[in-house]
Amino acid sequence: MSYAVSLRMCTAYGFIHFCISLVHNIFIVYHVQVFVSNFAISKFSFWFSEIIFLVWNSVNDSIFGWLIDKHLLSGDLTDKAVASRRARVISHCGPFLALAFTSTWFPQWLPNFPGIRFMLVLCCYDSVITLLDLMKGALLADLAVSQSDRSRLGCSASVGQALSAIGLVFHCHFNSNFFPLFSKSLLGLGHENLSCAILGMSFVLPHINNVFLLKASEVYGTYVVIRDLFFLKVVLGIFLLFSGPSNLMVMSLFLASNRVFTEGICRLLPQVISDLVDEDLVLNRRPQPVSALIFGATSLLGRPGQSFAPLVGYALLSLLTGGYKGGVSVAADTLRVACFTLAWSLVLLVGLAQLAIWSSYRLHGAYLARIKKERLTITGQKSPHSDILNLSSPVIGI
6 MSYAVSLRMC
16 TAYGFIHFCI
26 SLVHNIFIVY
36 HVQVFVSNFA
46 ISKFSFWFSE
56 IIFLVWNSVN
66 DSIFGWLIDK
76 HLLSGDLTDK
86 AVASRRARVI
96 SHCGPFLALA
106 FTSTWFPQWL
116 PNFPGIRFML
126 VLCCYDSVIT
136 LLDLMKGALL
146 ADLAVSQSDR
156 SRLGCSASVG
166 QALSAIGLVF
176 HCHFNSNFFP
186 LFSKSLLGLG
196 HENLSCAILG
206 MSFVLPHINN
216 VFLLKASEVY
226 GTYVVIRDLF
236 FLKVVLGIFL
246 LFSGPSNLMV
256 MSLFLASNRV
266 FTEGICRLLP
276 QVISDLVDED
286 LVLNRRPQPV
296 SALIFGATSL
306 LGRPGQSFAP
316 LVGYALLSLL
326 TGGYKGGVSV
336 AADTLRVACF
346 TLAWSLVLLV
356 GLAQLAIWSS
366 YRLHGAYLAR
376 IKKERLTITG
386 QKSPHSDILN
396 LSSPVIGI
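Under the numbering used here, the final residue of the sequence shown carries the number 403; numbering is consecutive throughout.
Don't read these hints as lab results, they were simulated from the structure.
Check before you lean on any hint, since a few could be wrong.
[Unchecked claim] Okay, derived cross-link-like pairs now, DSS-like style, lysine-lysine, Cα gap no bigger than 27 angstroms in a straight line:
| hint | residue 1 | residue 2 |
| --- | --- | --- |
| 1 | K377 | K141 |
| 2 | K75 | K85 |
| 3 | K377 | K48 |
| 4 | K220 | K75 |
Construct the entire structure; sequences and hints are all you get.
Below you can see the structure in the form of structure tokens.
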């Protein structure tokens with residue numbers, strides 16, 4: 006299969022993802038731990054900061070996307086010129102990402118106000134990461150049009166993210182979500198090494214798996230691959246329900262597979278959003294694709310879920326465990342039953358809901374092929390452009 010995007014472009018695109026993910030993985034895993042354990046932030050300050058961050062995190066994607074496209078798309082520009090401008094924005098964001106990341110670990114500024122410092126760290130860091138995420142997603146839509154070229158760029162990004170996550174395997178004793186709690190509770194005492202192994206692999210396997218999923222998307226289409234992953238989630242939930250909480254092999258397989266498949270779906274979403282960029286350009290006859298705006302608008306729907314998920318998770322666990330009342334041994338048994346109930350029921354119910362919603366998605370098959378053909382006609386492209394990113398560019402100096 007021939008590709009229009011060059012190897013140099015793919016390498017640079019993957020290296021951008023490597024640099025950003027290397028910083029972001031460390032921040033995600035440790036920033037709450039350092040403020041709670043080392044900087045002694047109060048409970049009120051923590052939740053107040055998280056609420057402010059929830060609001061800002063929900064709206065900044067669409068705001069930044071609109072502002073960026075309004076600025077970058079001014080004038081009669083080719084797709085190549087727009088992509089080059091987006092690449093420069095990424096290079097300019099590099100120093101700000103370094104500053105926001107570094108400020109997290111030093112309490113010397115605002116030493117008497119850890120709550121305000123926590124809020125500023127969250128909002129400033131998220132602002133830079135949001136800009137970078139929007140530019141990365143927009144570049145995917147601007148650099149390539151065909152499924153094969155977008156899959157090649159996506160594979161490069163996945164390899165870069167996988168390499169950046171390898172270091173976290175050695176620090177897999179805690180994470181920023183419910184995965185460690187569920188693995189320790191469901192696998193039980195005496196299986197700490199297995200739990201750590203599954204947790205460590207969960208950082209790397211999704212990125213490696215995404216390379217194969219993108220290759221499958223080239224052959225069968227992104228719509229079919231995502232639909233089949235939803236089916237697998239439903240099958241996993243049913244299989245876990247009938248196997249029971251005491252089957253260690255099935256439980257281990259479920260914990261690893263569910264995380265990998267769920268992450269795989271998330272990693273394929275930029276491909277879907279890039280197709281939406283193409284459709285918007287064709288239906289609205291735009292001179293240039295508003296890639297950043299569309300990526301930001303889709304994040305407006307998804308980002309609140311990232312903030313609400315921990316709150317809903319803790320509420321459901323408290324409901325099923327009665328607020329962790331009683332003796333230690335009773336609480337441990339109750340927690341295990343609650344985790345098992347949530348594990349199979351949420352995967353099954355959410356998977357069925359996703360299948361029902363995804364079945365109404367129409368941007369695939371012959372219609373998608375027509376959209377891509379019309380986009381190439383509108384933008385005057387015979388094939389996607391040549392090198393915009395290269396290894397000597399300041400884009401990758403993050």
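Between the alpha carbons of K377 and K48, is the straight-line distance 27 angstroms or under?
Outside the cut-off at roughly 51 angstroms; violated.
Satisfaction of hint between K75 and K220, Cα-Cα up to 27 angstroms
violated (34 angstroms)
Does the structure keep K75 and K85 at a Cα separation of 27 angstroms or less?
holds (17 angstroms)
Under the criterion that the straight-line Cα-Cα distance not exceed 27 angstroms, is the pair K377, K141 satisfied?
Distance ~20 angstroms between K377 and K141 Cα, so the pair holds.
Going through the hint list in order, the structure does not satisfy hints 3, 4.
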